[in-house]
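**Q** For the record, the sequence lines run as chains A and B. The first sequence begins at 146 in our numbering and counts up one residue at a time. The second sequence begins at 200 in our numbering and counts up one residue at a time.
No lab work stands behind these hints: they were computed from the structure. Each residue gets a CB set at the ideal place from its N, CA and C atoms; glycine is no exception. Careful: at least some of the hints might be erroneous.
Said to hold, decoys possible - Residues of chain B placed beyond 12 Å of chain A at every Cβ, according to the derived structure:
#1 TYR259
#2 GLY277
#3 ASP372
#4 ALA375
#5 ARG481
To be verified - Using 25 Å as the maximum straight-line C-alpha spacing, the simulated SDA-like pairs for lysine to any residue come out as follows:
#6 LYS328/B - LYS332/A
#7 LYS326/B - GLU283/B
#8 LYS326/B - TRP301/B
#9 LYS332/A - LEU177/A
#10 LYS326/B - ILE322/A
#11 LYS309/B - PHE235/A
#12 LYS332/A - ILE322/A
#13 LYS326/B - LEU163/A
#14 LYS328/B - ASP159/A
#15 LYS328/B - LEU318/B
#16 LYS309/B - TYR373/B
#17 LYS328/B - LEU220/A
#18 LYS328/B - LEU164/A
#19 LYS326/B - LYS332/A
#20 LYS326/B - GLU351/B
#21 LYS309/B - LYS332/A
#22 LYS328/B - ALA225/A
#23 LYS326/B - LEU177/A
What the hints assert, rightly or not - Which residues of chain B face chain A? A partial, calculated answer using Cβ under 8 Å:
#24 ARG273
#25 SER284
#26 VAL288
#27 VAL303
#28 VAL307
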Amino acid sequence: MLRLVVRNFVATLDPITLLVMFGQPAFLIVILGTMFSQLIPSVGASGSYVAYLVPGMIASQMITGAVLAGRIFWLDRRWAMVEQIFSGPFLRAEYLAALLLTALLFSLVGVGIMVLVALPLIGLTPLSPFEGFVILGTIALGSLCFGGLLIALGGRIRSANLYFTIQSLLQYFLIFISTVYYPVTAKTPVVLRAIVYANPLTYAANTVRDGFTHSFGPSDLLGAGILAGLAAVTFCLAVLSFRTLEMGPVQ
Amino acid sequence: MLRAEELGFAYTPDRFAIRGLSFDVRPGEVFGLLGRNGAGKTTTVRVLTTLLPVTEGHGYLFGTELRHAGREQRRRLGVVLQSESLDFVSVETNLTLYAFLWGVPREVAKTRAEEMLELFELGPMRKRKPWGLSGGERRRFQVARELMHDMELLFLDEPTVGLDALTRRRILDYLAMRARGGLAIVFTTHILQEADQLCDRIGVLQGGRLRAVGPPSEIKRRYRGARAVEAEFERPLSEAERRAVGALLAARGQSLAILSDARGLLTFRATNAEDLVAELSRWAHASDVDLVRISVRETTLEEAFVTLVSEDATEGPGTPEAP
Chain A
146 MLRLVVRNFV ATLDPITLLV MFGQPAFLIV ILGTMFSQLI PSVGASGSYV AYLVPGMIAS
206 QMITGAVLAG RIFWLDRRWA MVEQIFSGPF LRAEYLAALL LTALLFSLVG VGIMVLVALP
266 LIGLTPLSPF EGFVILGTIA LGSLCFGGLL IALGGRIRSA NLYFTIQSLL QYFLIFISTV
326 YYPVTAKTPV VLRAIVYANP LTYAANTVRD GFTHSFGPSD LLGAGILAGL AAVTFCLAVL
386 SFRTLEMGPV Q
Chain B
200 MLRAEELGFA YTPDRFAIRG LSFDVRPGEV FGLLGRNGAG KTTTVRVLTT LLPVTEGHGY
260 LFGTELRHAG REQRRRLGVV LQSESLDFVS VETNLTLYAF LWGVPREVAK TRAEEMLELF
320 ELGPMRKRKP WGLSGGERRR FQVARELMHD MELLFLDEPT VGLDALTRRR ILDYLAMRAR
380 GGLAIVFTTH ILQEADQLCD RIGVLQGGRL RAVGPPSEIK RRYRGARAVE AEFERPLSEA
440 ERRAVGALLA ARGQSLAILS DARGLLTFRA TNAEDLVAEL SRWAHASDVD LVRISVRETT
500 LEEAFVTLVS EDATEGPGTP EAP
């Protein structure tokens with residue numbers, strides 16, 4: 146299974162894709178953070194918008210990891226590598242596990258990059274082992290949740306246009322209608338608030354943020370529970386999609 | 200090594216893709232699966248490589264029922280699928296990466312990659328990405344990549360599509376050499392000449408059923424149909440003489456279709472060519488026409504295939520013949 150993970154890293158991703166995928170959020174922290182800081186006087190526990198934004202961007206790396214894993218899977222289908230791998234000494238479960246592990250590892254690479262970018266801007270305070278564990282656990286659950294969702298979709302959709310359109314829409318929907326960029330307050334319209342709280346990324350972003358501000362509370366436990374539940378659901382969907390995966394060319 | 204007993208696969212209970220396939224493949228044997236487009240060749244390969252489930256009958260891969268075959272059986276297989284498969288790295292990295300997936304030691308993989316790049320004439324394009332290669336080059340690359348790991352049974356689903364004659368010959372010679380070393384090969388192709396050249400036995404698929412199994416020579420003998428006969432006379436035959444030849448053949452129940460009649464050379468097809476040679480010699484002697492040469496061309500596998508498939512097209516599906 147680890148061989149498949151290594152292969153996922155070596156074979157499917159080119160440097161330009163990686164630069165765009167990981168460079169974009171880093172760029173957003175610097176540009177968006179600096180520009181919006183002028184407009185937003187006080188937000189979050191520290192009052193600094195950049196300090197508010199960074200944990201959100203770190204949480205959003207689980208989406209980046211999931212998108213990359215979904216992309217690998219879809220390209221493997223498109224270029225018949227799924228069949229080629231399944232006709233070799235691998236189990237379908239191993240291939241699925243390798244994709245999910247790839248999503249997690251890419252998310253962690255993204256988290257590392259975000260932390261490196263954020264350090265000179267806001268200077269992160271050291272985390273306790275528990276806080277670090279919870280943050281990484283949240284990232285892992287989120288990667289599993291969103292990775293499972295995109296793999297499940299990738300197994301059902303037979304058109305590249307449709308898959309990548311849905312993936313892009315989903316990616317932007319999840320990131321923008323969440324608490325990654327801005328908080329939910331009493332002024333937020335009720336409908337929008339409901340959608341934000343139906344979005345698992347919101348719970349992930351809040352938990353990561355609370356971790357960085359050393360302010361874990363019962364809501365984070367609830368968030369972790371919701372994320373774990375959704376991860377279990379999307380994992381089951383991905384397994385189901387794999388069990389009924391149609392071999393043969395897709396466009 | 201590989202055995203199919205009334206093997207079948209159905210998409211739905213009333214829509215089968217292959218049915219009642221019975222054959223076996225022995226170590227060191229090259230077994231060809233022939234058939235028209237949609238005959239079920241690729242589906243057969245997919246079922247035998249566990250990509251599709253068995254829905255009828257039984258199949259055994261290295262002694263294990265296909266329904267229970269898994270990683271351990273597939274580890275002993277090589278599979279070149281009909282669909283192009285590739286990774287988004289250079290040709291050379293594709294080869295070594297594939298070997299890595301199969302657990303081939305790094306040094307062995309490097310040496311083997313060099314061998315394959317040379318054998319399949321991919322050396323000059325080793326740094327190029329496979330999708331930038333021509334169709335034939337990509338096919339060569341795919342076969343080369345599969346040969347990066349060790350195996351006992353190799354499935355090749357139309358491996359020579361788009362290859363030029365020279366490359367095709369080179370690959371077929373290499374496969375024949377590997378087969379002599381004990382590698383069993385299951386090979387599907389549309390090019391019947393190469394099946395004739397490479398295969399020890401062939402199976403002809405028609406409408407998802409196996410219509411005939413046997414060595415190419417036996418298939419050719421059994422389904423040879425009408426064969427081309429060439430009779431060369433010392434001079435062009437007159438109209439009356441040609442009518443006489445026609446009448447003579449018609450009297451023997453032969454179907455006579457003159458293909459050409461130029462400068463004394465009469466070429467035609469007949470269903471019972473051996474009898475005809477003697478008959479025509481006697482007629483020439485009696486008619487005082489010098490017969491310079493008469494020959495019956497051997498049936499090609501393609502002709503036998505056409506006869507077999509045409510028979511089936513008129514008769515409809517029946518019981519497959521015993522191997």
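**Q** Indicate, hint by hint, whether the structure satisfies it.
**A** Against the structure, the hints come out as follows:
no.	hint	verdict
1	TYR259	17 Å, holds
2	GLY277	9 Å, violated
3	ASP372	25 Å, holds
4	ALA375	23 Å, holds
5	ARG481	60 Å, holds
6	LYS328/B - LYS332/A	54 Å, violated
7	LYS326/B - GLU283/B	19 Å, holds
8	LYS326/B - TRP301/B	22 Å, holds
9	LYS332/A - LEU177/A	22 Å, holds
10	LYS326/B - ILE322/A	44 Å, violated
11	LYS309/B - PHE235/A	23 Å, holds
12	LYS332/A - ILE322/A	15 Å, holds
13	LYS326/B - LEU163/A	21 Å, holds
14	LYS328/B - ASP159/A	12 Å, holds
15	LYS328/B - LEU318/B	19 Å, holds
16	LYS309/B - TYR373/B	20 Å, holds
17	LYS328/B - LEU220/A	15 Å, holds
18	LYS328/B - LEU164/A	20 Å, holds
19	LYS326/B - LYS332/A	58 Å, violated
20	LYS326/B - GLU351/B	30 Å, violated
21	LYS309/B - LYS332/A	64 Å, violated
22	LYS328/B - ALA225/A	16 Å, holds
23	LYS326/B - LEU177/A	40 Å, violated
24	ARG273	5 Å, holds
25	SER284	4 Å, holds
26	VAL288	5 Å, holds
27	VAL303	11 Å, violated
28	VAL307	15 Å, violated
The structure does not agree with the numbered hints 2, 6, 10, 19, 20, 21, 23, 27, 28 stated previously, though it agrees with the rest.
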